[in-house]
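Q: So the protein sequences, as listed, match chains A and B.
Quick note on the numbering used here: the first sequence kicks off at 34 and runs consecutively.
Quick note on the numbering used here: the second sequence kicks off at 2 and runs consecutively.
Bear in mind the hints are in silico, worked out from the structure with no lab data behind them.
A portion of the hints provided could be inaccurate.
Example chain A residues on the side facing chain B (calculated, C-beta under 10 Å, incomplete) [claimed, not checked]:
1) Pro94
2) Lys114
3) Glu117
4) Lys126
5) Val128
6) Met136
7) Ser138
8) Pro141
9) Ala152
10) Ile155
11) Pro189
12) Thr337
13) Asn339
Beta carbons: idealized from backbone N, C-alpha and C, even for Gly.
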Amino acid sequence: MENKVLLQVKDLETTFFTDDGRVPAVDHIDFHINEGEILAIVGESGCGKSVTSLSIMGLVPSPPGKITSGQILLNELDLTKQSEKEMRKIRGKEVAMIFQEPMTSLNPLYTIGNQLTEAILIHNKGMKKKDAANRAIEMMKLVGLPRAEELMKDYPHQLSGGMRQRVMIAMALLCNPKLLIADEPTTALDVTIQAQILKLMKELNKQFKTAVLLITHDLGVVAETCERVIVMYAGQIVEEAPISEIFKNPQHPYTKGLIQSVPDMRYKKETLYSIKGNVPKPGSIQTGCRFAPRCDFAAERCFTENPPLYEVNSSLVHKSRCFLQETEGISIAERAVESR
Amino acid sequence: MMPELVSNSVDLSTKEEKVVGPWKEAWRSFRKSKAALVGTAIVVFFILLAVFGPLIAPEGINEQKLQDSSLRLAPPSSEYWFGTDDFGRDIFSRVVYGARISLAVGFLSVILSAVVGSFLGIISGYYGRWIDTIISRIFDIMLAFPSILLAIAIVSILGPSLQNALIAIAIINIPNFGRLIRSKVLSVKEEEYIVAAKAIGMKDSRILWRHILPNSLSPVIVQGTLAIATAIIEAAALSFLGLGAEAPQPEWGKMLSDARVHLMTAPWTMIFPGLAIMLTVLGFNLMGDGLRDALDPKMKN
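Extracted from the complex, chain A is given alone in its bound form (with noise of 0.2 Å):
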């Protein structure tokens, strides 16, 4: 069970084709998620998360989007070669997805309770009614929603943001999926809400067994709950790490960076670290480390040669995209070829 891969991310590349040419939003990545797991996609906002969950999910929007190469196997199910037909089937019953807003991500015009019989509805034809609203009113008491046969008759309005975003992540567990794909569900909620949703998540996580892509930009987010994390940057994955590692010893500069970036309680500091710059615009990079241009460390090499991959201390679950990987680690490539 533990090590049983759900979802693999191959190569994925899906790219905007704008009045600007075209531009690659995410730019073949790799990962994949076990079953069961939470993983966590962090980086800055621009920077491809919620289009790799979209794309996942199928629902890039297109035109301009589209995913140009690589597969999304669920299960050996390569996703991106399903008719929209057969993603609908996928859509809510596989794969779930809660939304940042929870303000806005129910229709105001309907009940809580019509819309998550609604849901349940889509994928079990000829289910009672009744049926369907005694599986929404157990799934509302099991994601802490007090009340929860009142609040079948309330109309979203009536409910505050806390309470809204758990009734969507009930919404998107009504059908058992195997993955929840949760695109920033704290950050617009208060920081006392924010630890009750990640606290729910996380029992949700362990009760159901359904694993967990957790995007975020918040590491206060992923040190709480997730058991790896995938840092991006541009489109790209700059490093990828288990929760300790990538605390404890982050070798990628932008990791190193979004840590600092961090206000520690523990130490009174004047001013707050932070990266300089914004993230650059997705295609606007095309040679050398994207990131060289807001590095400390950059040298000459990082701004005409692209850097791959590296295993950190020849681990196989700590990778960095950075040369200053070179001397310890040896690039995942090198090893492909040494292990053939």
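We have chain A; now place chain B onto it with these hints.
A: Frame of chain A, contents of chain B only:
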């Protein structure tokens, strides 16, 4: 097993703040506008007139009194409130019955054009691409003609009758509704709950009719009320030109047209039907403006 989260949280569920629903809020701001209330009162008055016409009108629509010349073109009196026309028919009765025709034409044509226009607009807005191009260009072409001219052309093809006038008015109003709902759909389909609906595996058709359509209707309601006013004017205009209502029908525009020749000698034959048209249109316009202020979030401060 499942954690019993309900039992301990019941006590927490104390009185929650009453949140005002979107419709209640709209009603609240609608009620504030005096003009909108006056408009609604006028509209309700005419609707009652239309519904209870036979009870209110003292005479039928075509009770001619040709033999008695003193009753032809008689000025308003206690017996004939609005006077009589050249056939000796009671104008008050005809105006009352006319409310039926005008309101029916107004409502039916608007419903027809709103339904067709919404359907086309929603498809063009949601699917975009070539479907959108085709539908939008057809709307553009239709809007390139002055609307009354287009209506005249359509009635000429179909043949003059009240029913064909209604159809013509419905057709010329389609692009207004179509464009309106298309632009609304364009913004609604980007809403997160639509993406969320897709993410639970909902079909396109279901998303369209159950989630996008109801959320795009508020501008149609506003435009609908305003369009009833224009439709009433257009119906009157077509009848005035002899392309709508036929001879004994007490259509207001038709009555105006018949009264033309008596403008100098018997102005009441013209004043009262004209007044009726003006008041109904004013009522619908005031009500529509009030609705727009109440439903359009941009108008709120």
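Q: Next step is simple, just say for each hint if it's right about the structure.
A: Each hint tested on the structure:
no. : hint   : result
1   : Pro94  : holds, 9 Å
2   : Lys114 : violated, 18 Å
3   : Glu117 : holds, 8 Å
4   : Lys126 : holds, 6 Å
5   : Val128 : holds, 9 Å
6   : Met136 : holds, 9 Å
7   : Ser138 : holds, 4 Å
8   : Pro141 : holds, 7 Å
9   : Ala152 : holds, 5 Å
10  : Ile155 : holds, 6 Å
11  : Pro189 : holds, 9 Å
12  : Thr337 : violated, 40 Å
13  : Asn339 : violated, 33 Å
Consistency note: the structure conflicts with the earlier hints numbered 2, 12 and 13.
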